[in-house]
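Chains as they are written, first to last, in the working numbering: chain A, 1 to 161; chain B, 1 to 262.
Derived by calculation from the structure, the hints in this document are not laboratory data. We treat Cβ as the ideally placed atom computed from N, Cα and C, and that holds for glycine. Be aware that one or more of the hints could be misleading.
Here chain A is said to cover these stretches of chain B; the calculated rule only asks that three of the stretch's residues, wherever they fall, bring their Cβ under 8 angstroms from a Cβ of chain A [said to hold, decoys possible]:
(1) 37-46
(2) 76-82
(3) 134-143
(4) 210-216
As a plain string of letters, each chain reads:
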Amino acid sequence: MIPSEKLLRYLEDLAKEEHPEINGKEYSQSQVKLAERLVRDLQKAIGIASQKPKLSRRRAFIVILEELYYDVPKYPNDLTLDGINRRASQRFEYMNRDVKSFTTPTEVHPKDPCTFYEENGYAKARYKSALQHLVLESHRYFEVPEAETSLKVLFEDVKLC
Amino acid sequence: MSETLYKVLDFGRPIDRQSFGEVMDEFKGLSLSHNTFTLSDGQLKTLIATVFTYGLHYDEVPEERRELLLKAILEGKQPLFDLSQTFARHLINNLDGHAKLQLEALQIIEYDLKKPLTNELLVDFVEIELLDQTTSYRKWEYGRFSMAYLAAHLSIQDGWENVEKTVKEQKPRPEVYLKNFGKELENSRYNLDAHEQLLLHLIVKSKLWPDKTALTDYLLAGSITQQHLLGLSLRSEKLAATLKNALQNLPTINKRRGGPKL
């Protein structure tokens with residue numbers, strides 16, 4: 001148990017910082033970022049271990065694929081999703097499930113999405129939605145800045161095609 | 001680049017409260033040769049809320065116990081799973097245009113209710129449109145919802161009027177009041193964990209001084225609830241008793257009269 005004095009001191013310190021208030025019907029990403037930083041510091045001080053970020057399997061695969069291959073025009077022929085899964089599960093927490101819905105890197109994150117999804121509007125909409133969250137919240141998921149940027153560029157392309 | 005803005009969830013729209021068990025009952029007596037069924041709008045939302053709850057909390061237990069956890073969620077064995085299921089239903093009410101189209105597309109597919117996690121398109125939808133948001137920029141909203149839900153669940157209403165009356169009349173400084181409250185929590189015979197102590201503290205603070213409760217408080221509560229919902233559910237009675245005792249035992253005389261007013 002944490003002594004109440006100590007707990008209170010941490011919470012008071014938290015309140016002394018520039019305090020993100022909520023009012024109205026909208027909030028900004030920078031408000032959330034600031035609050036997250038403050039909470040992280042407090043959790044560290046209290047000794048609550050931080051966990052790896054939760055992220056859907058599909059988006060986790062996209063992050064890893066983009067970070068590894070943002071600068072090449074196509075994936076290596078021998079690239080499998082098993083390897084991507086191994087890396088992704090070290091970085092992110094997601095539900096492991098035995099399914100065969102996508103089997104190749106291209107099906108998860110095609111190098112030329114406009115052509116790949118030309119005939120399948122539904123799959124394209126799902127892909128676009130997967131990208132959108134990663135682009136808006138890229139700061140929490142990416143470790144390679146170049147991949148973060150290249151995904152933003154790709155997302156703009158996908159929105160137009 | 002312009003600042004990214006998110007809309008605050010609107011909890012004002014009505015939601016269904018059908019349980020997964022009730023959905024299963026509706027399929028009782030149907031041909032056993034079928035394993036998969038199309039679902040009504042309400043049934044589909046119940047399945048989504050169930051998968052969402054598992055997805056948000058599965059990692060609270062080690063891998064070998066996850067099947068049991070899923071079973072407990074499906075069978076409504078623990079009262080607090082309803083917290084996340086209800087939040088999921090509100091999230092569904094707040095989906096934007098493109099996500100609503102995805103949801104509509106899910107209505108024409110058949111589902112295996114006995115193995116909810118094998119319904120790949122649905123699980124993918126839950127992860128992409130609901131879970132990733134809840135574990136990132138909406139985590140504080142989940143926290144705010146959790147605090148309100150838990151306050152009711154832990155029967156904070158019992159004797160609450162007295163607490164509010166005392167606070168209104170005596171105007172204690174929040175930090176003094178909360179410090180005393182914290183001391184009472186320390187005296188609990190149930191030996192609270194750090195996260196339980198914090199959560200009760202945040203709940204009381206947000207009830208008494210909502211204007212002093214900020215995004216950081218909600219975010220902290222959201223993290224705690226997300227990581228410990230099963231544990232909180234199992235210890236509900238102990239937490240409720242601790243809360244009640246602590247509030248009752250708080251000194252009623254404000255010894256710091258004259259301090260700055262709220």
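Comparing the hints with the structure gives:
For the segment 37-46 of chain B, the assignment as covered by chain A is violated, since 0 residues bring a beta-carbon within under 8 angstroms of that chain's beta-carbons and 3 are needed. As drawn, the segment 76-82 of chain B meets chain A at 0 residues by the rule of a beta-carbon pair under 8 angstroms; below three, the given contact is violated. Only residues whose C-beta sits within less than 8 angstroms of a C-beta in chain A count toward coverage, and the segment 134-143 of chain B has 4 of them, enough to reach three; the restraint holds. Counting residues of the segment 210-216 of chain B whose CB lies closer than 8 angstroms to any CB of chain A gives 4, which reaches the minimum of 3, so the coverage claim holds.
Checked against the numbered hints above, the structure breaks hints 1, 2 and satisfies the rest.
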